[in-house]
Structures are given as structure tokens and as C-alpha cells.
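K.L.:
Protein chains in written order, with this note's numbering: chain C, 1 to 152; chain B, 1 to 152; chain A, 1 to 81; chain L, 1 to 81.
Just so you know, the hints here were simulated from the structure itself, not pulled from any lab data. Just to be clear, a hint being listed does not mean it is correct.
Lysine-lysine pairs mimicking DSBU-like chemistry, simulated, CA-CA at most 35 Å apart [claimed, not checked]:
(1) Lys125(B) x Lys57(L)
(2) Lys125(B) x Lys146(C)
(3) Lys125(B) x Lys3(L)
Pair by pair, the computed Cβ-Cβ distance ranges are [what the hints assert, rightly or not]:
(4) Pro77(L) x Ala46(C): 30 to 38 Å
(5) Glu18(L) x Ala46(C): 38 to 46 Å
(6) Pro129(B) x Ala30(L): 19 to 27 Å
(7) Pro129(B) x Ala41(L): 42 to 50 Å
(8) Thr2(C) x Ala9(B): 34 to 42 Å
(9) Trp148(B) x Gln143(C): 42 to 50 Å
(10) Ala30(A) x Asp130(C): 21 to 29 Å
(11) Thr7(B) x Lys3(L): 27 to 35 Å
(12) Ala30(L) x Gly55(B): 18 to 26 Å
(13) Ala14(B) x Arg37(L): 33 to 41 Å
(14) Gly41(B) x Thr2(C): 41 to 49 Å
(15) Gln6(C) x Leu34(A): 48 to 56 Å
(16) Gly55(B) x Asp130(C): 28 to 36 Å
From the three backbone atoms N, C-alpha and C, an ideal C-beta is built for every residue, glycine too.
Residue-level listing of the chains:
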Amino acid sequence: MTVRVQTEAFDAGALLSRFSAGRTGSGAVVSFTGIARDVTGGAAVATLELDAYPGFTEPAIEAMETEARARFEMQDVLIVHRHGPIQPGEAIVFVATAAEHRRAAFEAADYLMDRLKTEAPFWKKETGPDGERWIEPREPDYQDAKRWNRTS
Amino acid sequence: MTVRVQTEAFDAGALLSRFSAGRTGSGAVVSFTGIARDVTGGAAVATLELDAYPGFTEPAIEAMETEARARFEMQDVLIVHRHGPIQPGEAIVFVATAAEHRRAAFEAADYLMDRLKTEAPFWKKETGPDGERWIEPREPDYQDAKRWNRTS
Amino acid sequence: MTKVLLLGRLRDVAGWRERSIDPAPATLSALRDLLTREDAALGEALAGRGVQAAVNKAVTRGDIALNPGDEIAFLPPMSGG
Amino acid sequence: MTKVLLLGRLRDVAGWRERSIDPAPATLSALRDLLTREDAALGEALAGRGVQAAVNKAVTRGDIALNPGDEIAFLPPMSGG
Numbered sequence: 001m002t003v004r005v006q007t008e009a010f011d012a013g014a015l016l017s018r019f020s021a022g023r024t025g026s027g028a029v030v031s032f033t034g035i036a037r038d039v040t041g042g043a044a045v046a047t048l049e050l051d052a053y054p055g056f057t058e059p060a061i062e063a064m065e066t067e068a069r070a071r072f073e074m075q076d077v078l079i080v081h082r083h084g085p086i087q088p089g090e091a092i093v094f095v096a097t098a099a100e101h102r103r104a105a106f107e108a109a110d111y112l113m114d115r116l117k118t119e120a121p122f123w124k125k126e127t128g129p130d131g132e133r134w135i136e137p138r139e140p141d142y143q144d145a146k147r148w149n150r151t152s
Numbered sequence: 001m002t003v004r005v006q007t008e009a010f011d012a013g014a015l016l017s018r019f020s021a022g023r024t025g026s027g028a029v030v031s032f033t034g035i036a037r038d039v040t041g042g043a044a045v046a047t048l049e050l051d052a053y054p055g056f057t058e059p060a061i062e063a064m065e066t067e068a069r070a071r072f073e074m075q076d077v078l079i080v081h082r083h084g085p086i087q088p089g090e091a092i093v094f095v096a097t098a099a100e101h102r103r104a105a106f107e108a109a110d111y112l113m114d115r116l117k118t119e120a121p122f123w124k125k126e127t128g129p130d131g132e133r134w135i136e137p138r139e140p141d142y143q144d145a146k147r148w149n150r151t152s
Numbered sequence: 001m002t003k004v005l006l007l008g009r010l011r012d013v014a015g016w017r018e019r020s021i022d023p024a025p026a027t028l029s030a031l032r033d034l035l036t037r038e039d040a041a042l043g044e045a046l047a048g049r050g051v052q053a054a055v056n057k058a059v060t061r062g063d064i065a066l067n068p069g070d071e072i073a074f075l076p077p078m079s080g081g
Numbered sequence: 001m002t003k004v005l006l007l008g009r010l011r012d013v014a015g016w017r018e019r020s021i022d023p024a025p026a027t028l029s030a031l032r033d034l035l036t037r038e039d040a041a042l043g044e045a046l047a048g049r050g051v052q053a054a055v056n057k058a059v060t061r062g063d064i065a066l067n068p069g070d071e072i073a074f075l076p077p078m079s080g081g
């Protein structure tokens, strides 16, 4: 399993370089980087804080990885997710998928992000000039995640 | 326009790091890296050679970028494509898209790759133990590219 | 002894994230009652819509017997990643 | 003078990639005839399915008048990226 839940900041490019190195058998590598924005829903965000439940959050994400591997012809996958306080511009989540052909790589990354965005056990608090607010998945996130039910 | 057609090898991770840096307004960055494989269609490949037509190839790719920007709510895009001789394991093409939300970033990268794979003005020769062969897009590439006609 | 964890906004409501309760309550409902007696606002939050309980990192439904040393976490609706 | 470029497999058929023809042929068809007289295999390849001609980097259809200094490229079906 290649799921890492960590408080340390990471560089998505460095993760991609390491993930792609020596892949003579994979034609396609897709990566997704989720970045903390300075404005969400019209409100300024100074800090984002993700609460994780160590020992509970990782297995839930590993289960998503297992399902993605069963659904798509993937050769490899890497999921890195931060928790703790995160500043705007910093990466929150990185997903990379490697496959022989690009369709599987795209679909697996897209699928994993939809699952992560709605089901990953994180609790998210945005702190801005208007104070703090705990947030839940947006309706479009649920709609995105539902797309995968059609093909199952 | 952020289209580069070059003979120099590149590191996809380094491109992603530079592309993602300072993006406090983009929530989502998707990248695709196409890598030269050592086996295609069951045949070993020692070297891949892409022939480009400088001054013709770049504008054709820039037109794809313009169309992608019109179709998807993207904030930025980078397309780097190699030509000349390419060894297995080396990156051939890198596409990165940045958007406020991940759906647009995924769809724009997916769309650009489908267009590049079928329409980009390159001529591709694989050299292996069985000799040389010039190759054309595979049928699945045409099928992938057709998907976008439905939504236009 | 029972270890209790509060995740997300429950942590802000209670003003703590983790504590030990000794002696261990016999059931999950006994633990809820104990927490509610101490802090009515927390009790209300724990009974709120979508709040789940996990015993030893497995989500449970309904009441359940607790053993000494169990770790109980209360999970508000998840935000996703 | 006309600059002629062969892309992809046409380059292998002809054994060259780029050459200048002086004096410049008056039309694209005159250029094709000239190349075919010199090299029948190349002539056949140029007439092959899906081979396009670009004049000054713009794909053209049918015959077209050429001006001295024009750059003519013959493009077999593209492989894509």
C-alpha cells in the first residue's frame, strides 16, 4: 500500500519525479495535486486545518486504493495526504497513477480524488478574518462521486 | 501560449513543481506524463523517434490549447512535447492544467491528451530488434478523441 | 480505563481532543451519558446528526459493550480530503 | 527556388529530408511531377492515401500556384504525440 498521511509539507513535483522514475513499462502517469486556496466560496482563508484520526484515516484511504486497483488497469498508485495546519498555496493531497494506457491512469486518478473528497476521514476547518468554520463536502463533490456508481 | 516542442529531455516532476508554485488561487493541478515504453503491442522497442515540423507543429498544438481554454474553466496550462530520438523510460509529453476546481483540471488534461494523441503533427518511428516501423494512432486513440464531440 | 477521542468540531465544542476515563464505562451508552452529564453542550453535539462512534477504530452502530482499554472516537460528518 | 521538406516515412522512402529546387516549379502539381520523374518510389508515396501538402506551413488541397521562396512540405498521416 502506498498511502501516506502526514503533517509535513511536500513538493508534488518531487513526488512525481520519484514516482515516474524508471517506468519503462508504463506509458501513462497522471497526477493530481490539491492546493489550499486563499479564497473559497468568496471567503478569504488564512489557514486550513485538517484533523485526521491516525490509524483510522489511513486504512480508509487504503480501501479506496484497493478498489481503484480492482476497477482500473493500474500498475502503480501513490496517495499522499496532509493533515494539521496548511497555508494557502501549499499542497493538501497528491495522487499519482501509472498505467500502460492513459485512459486507465486518468480514470483511476479521477476516481480516487472523487472518493477522497467525499469519504476520506478528515475534518476540515477554515480560519479567516470572519473566524473559523468546519466544512463538509460540497454538493458538486457528491455529484462527482456518484458518477462512478453508473459503471459498477 | 505555453507550448514547448523540444528535443531536450525533461523531468516531469521539475515541470510540475514550477507549474504549481505559488498557486494560491488554483485548487487543482492535474498533470499527464507520457513515457516511452520498452514494449508496445508485444514488440520490443529500443528507440522511439518523433519527427516534428518546426513552425507547423507548435501552432497546431497551440490551437488545441486555445480550444481547451474555451471549453474548460482553466486558469493555466503547460504543454511540453519532445521530438527526435527518445529512449524507453523517458518522457515524451507533459501536460499540466490548473483550475479552481478539479473537474475542469481533469477534463482539460484528458481532452488535450486525446487531441495530442490523434492530431498533433508528429510522425513516430519505433526501432527494435525487428527493425523500424512508422506508426499511426491506434483505434482506441480515435475512440477517445471522439468522446469530446458529444459534449460540443 | 477508556480512551476517548473527539474529532473535528467536537474537539472545539468540548475544549479537549483526548482523555482517559477511569473506571471504564461498561457500554457506549454509559460513556455517552457520562460525557453528557459533565458537558451538556458536548452531549448535544454527540447526539447530533451524522455523528458516528468508532470503537478501536471500527465504526459501530447502536449500543455496544466496552472493555477496559478500548479506544472510543466520536466522528462528526467527515469533510473529505 | 523552392524548399521541399519530407516528413515521417517519406523521408525514409526518398533518403532525404530537405532540399532546394531551382528554378521554382510554377505549381504544386509541377513539383510533384518533377519529384516523381526523379524518384518513382517517392512519387508513389506522395500520391499515397492521407499524404497532405503544406505550402508555407499551411495545409492545401488540390493544385496551387507556387511562388519562388515557398516552402512545400509533404506530410504523411500524422502519428499524433
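K.L.:
So which of the earlier hints does this model not fit?
P.N.:
Numbers 2, 4, 5, 6, 7, 8, 9, 10, 11, 13, 14, 15, 16, in rising order.
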